[in-house]
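Counting with mature numbering (1 follows the signal peptide of the UniProt record, and there is no 0), you get residues -24 to -1, 1 to 278 for the letters of the sequence shown.
Honestly, I wouldn't trust all of these hints.
[What the hints assert, rightly or not] List of simulated lysine-lysine pairs, BS3-like, C-alpha gap at most 25 Å:
| hint | residue 1 | residue 2 |
| --- | --- | --- |
| 1 | 145 | 103 |
| 2 | 80 | 237 |
| 3 | 145 | 259 |
| 4 | 155 | 122 |
| 5 | 92 | 102 |
| 6 | 92 | 264 |
| 7 | 172 | 122 |
| 8 | 172 | 92 |
| 9 | 123 | 155 |
| 10 | 103 | 259 |
| 11 | 122 | 102 |
| 12 | 92 | 103 |
| 13 | 264 | 216 |
| 14 | 122 | 145 |
| 15 | 80 | 92 |
Derived by calculation from the structure, the hints in this document are not laboratory data.
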Amino acid sequence: MVKKSIFTLLLGILLILGACSDNMNDENEVAEGEEANTEETSTDQTEKENEGEEEPPVTEDNEDNKTQDEKNIEEEAVQEITEPLYKIDDNWNVVPLDEGTNEKVVLLTIDDAPEKYALEMAQTLKKLEAPAIFFVNGHFLETDEKKEQLRQIHEMGFAIGNHTYHHQKLSDVDEETQKQEIMELNDLIEEITGQKPKFFRAPHGENTDYATSLVEEEGMLLMNWTYGYDYFEPYMDAEKLKEAMISGEAPEIEISYSLLKPGANLLMHDREWTAAALEDIVKGLRDKGYEFVDPMTLQVPE
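Produce the entire structure from the sequences given, and follow the hints as far as they go.
Here is the structure:
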């Protein structure tokens, strides 16, 4: 009887333990199922939310979005990689380096900048897409206003040349003074524009052996001109100057033949009458089939 009671008790205990084990397994399965469902729901919900969101617009890097510094860097990079197409010969003409390069070109240069009209002249040339070299004097760059004008001319893409600090006639002074006239202005131009000038023109076109050697050592191109009339009194008039520059003739100063020819190196100045005639001069030369040389395509000393 006792054995039967013990057997019955043990059987009951085993049944209870089995039931508990089954309940625990069921609970674990339910918990795992709920966790899986939660992950699926979260993933579905995130995907739906993402589907409702619009992709942020991609803004292209166009000219309007670029800072002035970025534009300047790009312009300088283009200038650095431009291959030379022309040289200046012994008679100051612009000559192609290779056959097939356009010969019917002229070079525009403007001296004594920025006195009064240089910025206005640069704006005119920029509008007409006509490149030029602005040869500057240091004594015009002693105020913040004039420095800013030169900076603007440079940022418009025009080449800046050295025309000595005080517009000094170099043959009248010693070598040390010549060096000072050239190097001080080089430093000032580089301070203002961030670039050392690549072109040099002596006042009155009078070079010395010392200045010629120094300019070459500094890697600058020595420059003069083939014709220019705005500093002669009869041509201190916009209409007469326009006719003279387009035709190449200046009968009032006994030049009754035309100096205009392929490769002409044209001299002008920062003057009221020149500024007034400039647009007509550019258009008149183009009407004759001439293109304007980009100074950055001129071969300079290495």
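To see whether the hints hold, each was checked on the structure:
{"no.": "1", "hint": "145 with 103", "verdict": "34 Å, violated"}
{"no.": "2", "hint": "80 with 237", "verdict": "8 Å, holds"}
{"no.": "3", "hint": "145 with 259", "verdict": "34 Å, violated"}
{"no.": "4", "hint": "155 with 122", "verdict": "24 Å, holds"}
{"no.": "5", "hint": "92 with 102", "verdict": "18 Å, holds"}
{"no.": "6", "hint": "92 with 264", "verdict": "30 Å, violated"}
{"no.": "7", "hint": "172 with 122", "verdict": "18 Å, holds"}
{"no.": "8", "hint": "172 with 92", "verdict": "23 Å, holds"}
{"no.": "9", "hint": "123 with 155", "verdict": "22 Å, holds"}
{"no.": "10", "hint": "103 with 259", "verdict": "12 Å, holds"}
{"no.": "11", "hint": "122 with 102", "verdict": "19 Å, holds"}
{"no.": "12", "hint": "92 with 103", "verdict": "19 Å, holds"}
{"no.": "13", "hint": "264 with 216", "verdict": "18 Å, holds"}
{"no.": "14", "hint": "122 with 145", "verdict": "23 Å, holds"}
{"no.": "15", "hint": "80 with 92", "verdict": "32 Å, violated"}
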